[in-house]
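Given the sequences, and given the hints that come with them, work out the whole structure.
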Amino acid sequence: MMVAQAPAIGPPAASPVVSTMPWFGVDLPLALILPLLALLLGVLFLRRFSRPPPPPSTTMPSAAATALTRQFVRDLSFLCEHIVMFDMPLDAFSRIDDAADAADRLRLRLSCREEALWWAPDKVGELEMKRSKHAATCEVRRRRASWYVAFKRRHAPVVVEWIDTAQGQEKPCAVLLLHPHGATGRPLITVAFRGSKTYQDYFVTDASPRFVPLPERADDDADLSAAALLPRLAKSARPCATVGAWCAYAGSGARARGGEAPRARVRRAVGALLARFPHAEVLVAGHSLGGALATLCAYDLMHARPQLPVGKVVLVTFAAPRLFNQGFQLSMGVRQSTGQLTALRVVIGGDMVARIPPQSFGGHPGVTGCLVMDAFDKSSPFTYFTSDEDVTAALWSKPPDGGAHISHALYLAGENTPKRPDTIPLSAYWPIID
Numbered sequence: 001m002m003v004a005q006a007p008a009i010g011p012p013a014a015s016p017v018v019s020t021m022p023w024f025g026v027d028l029p030l031a032l033i034l035p036l037l038a039l040l041l042g043v044l045f046l047r048r049f050s051r052p053p054p055p056p057s058t059t060m061p062s063a064a065a066t067a068l069t070r071q072f073v074r075d076l077s078f079l080c081e082h083i084v085m086f087d088m089p090l091d092a093f094s095r096i097d098d099a100a101d102a103a104d105r106l107r108l109r110l111s112c113r114e115e116a117l118w119w120a121p122d123k124v125g126e127l128e129m130k131r132s133k134h135a136a137t138c139e140v141r142r143r144r145a146s147w148y149v150a151f152k153r154r155h156a157p158v159v160v161e162w163i164d165t166a167q168g169q170e171k172p173c174a175v176l177l178l179h180p181h182g183a184t185g186r187p188l189i190t191v192a193f194r195g196s197k198t199y200q201d202y203f204v205t206d207a208s209p210r211f212v213p214l215p216e217r218a219d220d221d222a223d224l225s226a227a228a229l230l231p232r233l234a235k236s237a238r239p240c241a242t243v244g245a246w247c248a249y250a251g252s253g254a255r256a257r258g259g260e261a262p263r264a265r266v267r268r269a270v271g272a273l274l275a276r277f278p279h280a281e282v283l284v285a286g287h288s289l290g291g292a293l294a295t296l297c298a299y300d301l302m303h304a305r306p307q308l309p310v311g312k313v314v315l316v317t318f319a320a321p322r323l324f325n326q327g328f329q330l331s332m333g334v335r336q337s338t339g340q341l342t343a344l345r346v347v348i349g350g351d352m353v354a355r356i357p358p359q360s361f362g363g364h365p366g367v368t369g370c371l372v373m374d375a376f377d378k379s380s381p382f383t384y385f386t387s388d389e390d391v392t393a394a395l396w397s398k399p400p401d402g403g404a405h406i407s408h409a410l411y412l413a414g415e416n417t418p419k420r421p422d423t424i425p426l427s428a429y430w431p432i433i434d
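In case it helps, full-length UniProt numbering puts the sequence shown at residues 1 to 434.
These aren't lab readings, by the way, just hints derived from the structure by calculation. Cβ atoms here follow ideal geometry from the backbone N, Cα and C, with glycine treated the same way. Any given hint could be a false lead.
Restraint-style ranges between C-beta atoms, simulated for each label pair [claimed, not checked]:
#1 D220 <-> E126: 28 to 36 Å
#2 H181 <-> T137: 14 to 22 Å
#3 L108 <-> Y429: 34 to 42 Å
In silico PhoX-like pairs for lysine-lysine, Cα to Cα no more than 20 Å straight-line [stated by the list, open to error]:
#4 K133 <-> K152
#5 K152 <-> K130
#6 K378 <-> K419
#7 K123 <-> K133
#8 K398 <-> K130
#9 K123 <-> K419
What follows is the structure, given as structure tokens:
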């Protein structure tokens, strides 16, 4: 006789655990994210590096009163690639005296609230920054401190506001007054943004896969509910930036509307300085992610007219990723063609960051024209291109260089490191007309 088996008594079997990663409010399984990232990297690296670059333009005419000489662009690379990676209190420059050991004393007190990740330390070329207890023997600190002192002595900078909210994705930036024409000359209102440094920067802001339409009215916030994957808004006529870039600059939700995020504070500080110096130019600059935020800030300041009486804006970026859509690029192009905006992108040929997201995924750099540096090209180490297609072709014709991303100051200053002996001599032709 068959005897029915009694059902097992006990807790139900546990469901398998699926690892997920929160990405802008959506929990995506890692099993989906990792193959997508691998596919993207595969597409990028399968591009042929052997194709010849297009012929360059000969020179870039500069319509700005601020002369974009190699010396001035070099000093901006000191500021954006290195100085702003440390916190910048209001007395940051006034504490530097004229003594011969000023740089040696400065490197012992440089500090930063944000901590760099162990696998992405602060660098100069291949040189890695040591912890603060080893500051006296750290070569990165030594070079950064010497560039800090040189910047102070050449431009008499005054820190007007150091904006570091320590909230979410919001990135620190400095609002300064520079005096490139001497104490009696017209000052230059300058906003400098910090680049990627934290986990949030790399895995949320930089990796943002969605565009968000920028607000049509200057005082509005972006509607994040209208965000869509990059390819869907890539060719939209409405200017768009990645959600990550927007939140790093403008904050999100209540913070974006509350007036304490970087966007609102930059606007207030620049407005107050323009009230004091109504004919001053505004310069916005940054390196890496900071370059993309500087591009977004330049757009936002010009979009805020007439409430914010901004005249001409100068934008200088180093190694900035392509975090904008075609509509943004066209809008900034109109401002460049009318002389309202003077923009200079500076990239090193082997740098991968300046190539992504590629145009095939919807990414655009935001402005036209780019100065490409190549220390290995002894005949033409500086090459200026006027179209994004030519820049892209020129960059993809060069093999990846892992140390290129943090070498702009090195090359512009004509300096080198043990593993990067090639540099660009100070006598090299500079293809920008001033």
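Hint by hint, here is what the structure shows:
Take D220 and E126: their Cβ atoms lie about 45 Å apart, and the range 28 to 36 Å is violated. Checked against the hint of 14 to 22 Å, the pair H181 and T137 fails, with Cβ atoms roughly 38 Å apart. A beta carbon spacing of about 39 Å between L108 and Y429 agrees with the range 34 to 42 Å that was offered as a hint. Note on K133 and K152: the hinted pairing is violated, with a Cα-Cα distance of about 25 Å set against a maximum of 20 Å.
Between the alpha carbons of K152 and K130 the distance comes to roughly 24 Å, so the proposed pair goes past 20 Å and is violated. Taking the CA atoms of K378 and K419, the gap is near 18 Å; set against the 20 Å cutoff, the hint holds. Restraint check for K123 and K133: satisfied, since their Cα atoms lie roughly 17 Å apart, inside the 20 Å limit. Distance check on the hinted pair: K398 and K130 sit about 31 Å apart at the alpha-carbon level, beyond 20 Å; violated.
Simply put, K123 and K419 have alpha-carbon atoms about 13 Å apart, close enough for the 20 Å limit, and the pair holds.
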